[in-house]
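I would like the entire structure built from these sequences, with the hints used as guidance.
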Amino acid sequence: MSCQCSGGCGAAGDSEKFAELDRFITELLSRGEPPERRRGNLIQILHRAQHIFGYLPEEVQKFVAERLDLPRAEIYGVISFYSYFTDQPVGRYKINVCTGTACFVKGAPKVLDEFKRQLNIREGESTPDGKFFLGALRCVGACSLAPVVMVNERVYGNMTADKVAGILAECTD
Amino acid sequence: MRIDTTRTLRDLAGEIASRPHPPVKISVSMGTCGIAAGTGPVLEALRTAVAERHLENAVEISEVGCMGLCYAEPVLMVSSNDGSHRLIYGDVTPQQIPAILDAGVDSIAPGTRTIERNWYYPEWETPAPGELQARIVLRNTGRLCPENLEEYLASDGYAALGKVLDTMTPQEVIDLITASGLRGRGGGGFPTGKKWQFAAARQSDEKFIICNADEGDPGAFMDRAVLEGDPHAVLEAMAIGGYAIGAHTGVIYIRAEYPLAVKRLEIAIEQAHERGLLGKNIFNSGFDFDIQIKFGAGAFVCGEETALIHSIEGKRGEPTVKPPFPADKGLWEKPTVVNNVETYACIAAIVRKGAEWFRSIGTEGSPGTKVFALAGKVAKVGLAEVPMGTTLRTIIYEIGDGIRNNRQFKAVQTGGPSGGCITAANLDLPIDYEALKKIGSMMGSGGMIVMDEDDCMVNIAKFFLEFTLDESCGKCTPCRIGNRRMYEMLDDITSGRGTPETIEKLKMLSATIKDTALCGLGQTAPNPVLSTLANFEEEYMAHVRDSRCPAGVCSKLIRYEITDRCVGCGICLRHCPVHCISGERKMRHLIDQERCIKCGVCFQSCRFHAVEKR
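If you read the protein sequences in the order shown, they are chains A and B.
Just so we're aligned, residue 1 is where the first sequence starts under this note's numbering, counting upward by one.
Just so we're aligned, residue 1 is where the second sequence starts under this note's numbering, counting upward by one.
These are calculated hints, taken from the structure and not from any lab test.
Please note that a few of the clues may not be correct.
As the list claims (entries may be wrong) - Cross-link-like lysine-lysine pairs, in silico, DSS-like; alpha carbons within 25 angstroms at most:
| hint | chain 1 | residue 1 | chain 2 | residue 2 |
| --- | --- | --- | --- | --- |
| 1 | B | LYS437 | B | LYS329 |
| 2 | B | LYS556 | B | LYS505 |
| 3 | A | LYS94 | A | LYS131 |
| 4 | B | LYS613 | B | LYS598 |
| 5 | A | LYS116 | B | LYS598 |
| 6 | B | LYS353 | B | LYS163 |
| 7 | B | LYS598 | B | LYS556 |
| 8 | B | LYS556 | B | LYS613 |
| 9 | A | LYS131 | A | LYS163 |
| 10 | B | LYS194 | B | LYS438 |
| 11 | B | LYS194 | B | LYS315 |
| 12 | A | LYS17 | A | LYS62 |
| 13 | A | LYS116 | B | LYS556 |
| 14 | A | LYS131 | A | LYS110 |
| 15 | B | LYS598 | A | LYS163 |
| 16 | B | LYS556 | A | LYS110 |
| 17 | B | LYS329 | B | LYS315 |
| 18 | B | LYS556 | B | LYS507 |
| 19 | A | LYS110 | B | LYS598 |
| 20 | A | LYS110 | B | LYS437 |
| 21 | B | LYS194 | B | LYS163 |
| 22 | B | LYS329 | B | LYS438 |
| 23 | B | LYS263 | A | LYS94 |
| 24 | A | LYS62 | B | LYS315 |
Claimed, not checked - Not the full set, but computed from the structure, chain B residues with beta-carbon under 8 angstroms of chain A:
| hint | residue |
| --- | --- |
| 25 | THR32 |
| 26 | CYS33 |
| 27 | ALA36 |
| 28 | GLY216 |
| 29 | PRO218 |
| 30 | GLU257 |
| 31 | ALA299 |
| 32 | LYS315 |
| 33 | VAL381 |
| 34 | PHE409 |
| 35 | GLN413 |
| 36 | MET451 |
| 37 | PHE463 |
Note that beta-carbon positions come from the ideal geometry of N, C-alpha and C, so glycine has one too.
Okay, structure coming up:
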């Protein structure tokens, strides 16, 4: 199926993405739950949608709202509540500095500051070229390697500000 | 093959156990932090070496979960099949693999680091000297392959579920758990048996049993270790709980940040289904039980049970006022029990060994063991499961091997952002739920962050408050606004804008928030402030009275000065990012304090220790 929105998301491949999301939702809803419990799948659907689209733009929110028969405000309310979800496009390399307690006492703030300085963005922002996103997350549970930085799925342990440039250099498309 | 009776289970377990095994087993720790530390290449090298040397019949390779020795990852254990010999290697590199294979179980490979096992398994062992840890929760974690159901079955797996369904009534199960004195390991310490009793007493066409695996407490990773290392133990316990309260559906609510745990749970659920250990008519008892996995999406407050339930329902994870308790109206308004991963991990052992046995470990009021995640400035970061009533000194100095780099111990934070800090004065206190509460902290989920003299307690309090601020759902005013005001006051103090009055205001506001916030998150948010104030008021005073940070952390309160040790080499001048250092070559340099941003680069770059931090 194709996107019904009035432009903006007409990039190639979008209809395929919507089709993929549609299949996922159909599968989840085919389990025969009572209609009032269908929304229990919302968070799982949003996880998948963000995985497919990279973020949750308005068109996707609208699509999910229609499929689950929920007001769009409800969808937006959920997205804005959970830190995992974002309605803004994020950089291809998602750099997340762990700022859990163990990482904090071992110097995570200095590492985060160095990323901010080198990328010239603030926490929660992406670089204008769409390459890097910089965020902070709370504890990946790898406290023995504190301070820890995650770049997409990869974990870097025992981080120092000196290692920041090297990590950024590793991120080549 | 479906296991449809307890007899089949026993026969199968016996058959698996009696199968011939290679004489040597090498277990590689494949938990998240092991993998991050590089166990992948070690495993790869091991497989290659075993294949090259045609040792397939001599060496069995097992991928196990976390052994709790996080400080020494990559870790592997070489053991003999009969259990008589055992060697644990830490900091293993792929290059060491040939030597480790050569050495076998009888000798130590040269050029390696070995580690003494400091735990025992109360279920089948008595402690040897130095075995300070008693592993009940972690009995299989780091010992069995989590993706191999047969290993679990051969190790009494699902025997407890079989026993319950075959020989006990739901009420007898509840009575057993009540008699064991097991208390909620998620932090609250509420008696598990009582919780089950409440839900069992409710009449309803449908009930739910939930596993809270939303381990959001920063610095706590024991639940992750159990889920990654022993997922079947959680499934088995949930089924037992379901039978006890009359629920046929279990839900595991897990953080999206734990992909490996999710994967292992999914595999375990599928395996259990294939064998008929989950699903319809388990052990031909007529009892049906199924388990679904639901994901969190990064919200700490979802660890609170009402918030967690809302999140499973696809809503914002905001807590609601109790009562009604989930036992009355929980998921989809049906009676629901929510227990933590670690609590579930105790259940099967209690069923197998009895309430008396469980009570024989730990203290009168808090039987059993507790897993602590030791992190921060401690030398040996990792998991420690100890009997309740063990002292902090034993945990930090004997198991954790003291403070890193020979620094001075200052405090340990337990209970995460809701807890408090404990000072050296209480290191010898035997700890359980009550003892920790009495000294102004709490058990929490068991995170233990050790701090040394280089940590500023005001800054730590500010860190925790920033966390709560971030995670506050915004529903109630004391938490949403009160905690922000508290944060601002702490920010004032760490920036040198505080006065003694600020500290008084801080105390007052803390008391108000504690009394008026809606849920546990808000009510406990002032705890780190209150406990650091109670124990380190002098440090607060130094900030506001003398504009001084004794630990030298609060950057706005420190000055860098160049002393007469300066030889005028110019290194600091070249490194200074804001060019605020001036001076002729071979002459003493000077820092322009007005323009200095206190980044500390000059301090770090000086080779003559001429830059002083004040």
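Quick rundown of the hints versus the structure:
no., hint, in the structure
1, B:LYS437 / B:LYS329, "violated (29 angstroms)"
2, B:LYS556 / B:LYS505, "holds (22 angstroms)"
3, A:LYS94 / A:LYS131, "holds (9 angstroms)"
4, B:LYS613 / B:LYS598, "holds (10 angstroms)"
5, A:LYS116 / B:LYS598, "holds (17 angstroms)"
6, B:LYS353 / B:LYS163, "holds (11 angstroms)"
7, B:LYS598 / B:LYS556, "holds (7 angstroms)"
8, B:LYS556 / B:LYS613, "holds (12 angstroms)"
9, A:LYS131 / A:LYS163, "holds (19 angstroms)"
10, B:LYS194 / B:LYS438, "holds (23 angstroms)"
11, B:LYS194 / B:LYS315, "violated (28 angstroms)"
12, A:LYS17 / A:LYS62, "holds (14 angstroms)"
13, A:LYS116 / B:LYS556, "holds (19 angstroms)"
14, A:LYS131 / A:LYS110, "holds (22 angstroms)"
15, B:LYS598 / A:LYS163, "holds (21 angstroms)"
16, B:LYS556 / A:LYS110, "holds (15 angstroms)"
17, B:LYS329 / B:LYS315, "holds (16 angstroms)"
18, B:LYS556 / B:LYS507, "holds (23 angstroms)"
19, A:LYS110 / B:LYS598, "holds (12 angstroms)"
20, A:LYS110 / B:LYS437, "violated (34 angstroms)"
21, B:LYS194 / B:LYS163, "holds (21 angstroms)"
22, B:LYS329 / B:LYS438, "violated (32 angstroms)"
23, B:LYS263 / A:LYS94, "holds (22 angstroms)"
24, A:LYS62 / B:LYS315, "holds (17 angstroms)"
25, THR32, "holds (6 angstroms)"
26, CYS33, "holds (4 angstroms)"
27, ALA36, "holds (4 angstroms)"
28, GLY216, "holds (7 angstroms)"
29, PRO218, "holds (3 angstroms)"
30, GLU257, "holds (6 angstroms)"
31, ALA299, "holds (5 angstroms)"
32, LYS315, "holds (7 angstroms)"
33, VAL381, "holds (4 angstroms)"
34, PHE409, "violated (13 angstroms)"
35, GLN413, "holds (7 angstroms)"
36, MET451, "holds (6 angstroms)"
37, PHE463, "holds (5 angstroms)"
Checked against the numbered hints given earlier, this structure breaks hints 1, 11, 20, 22 and 34; the rest are met.
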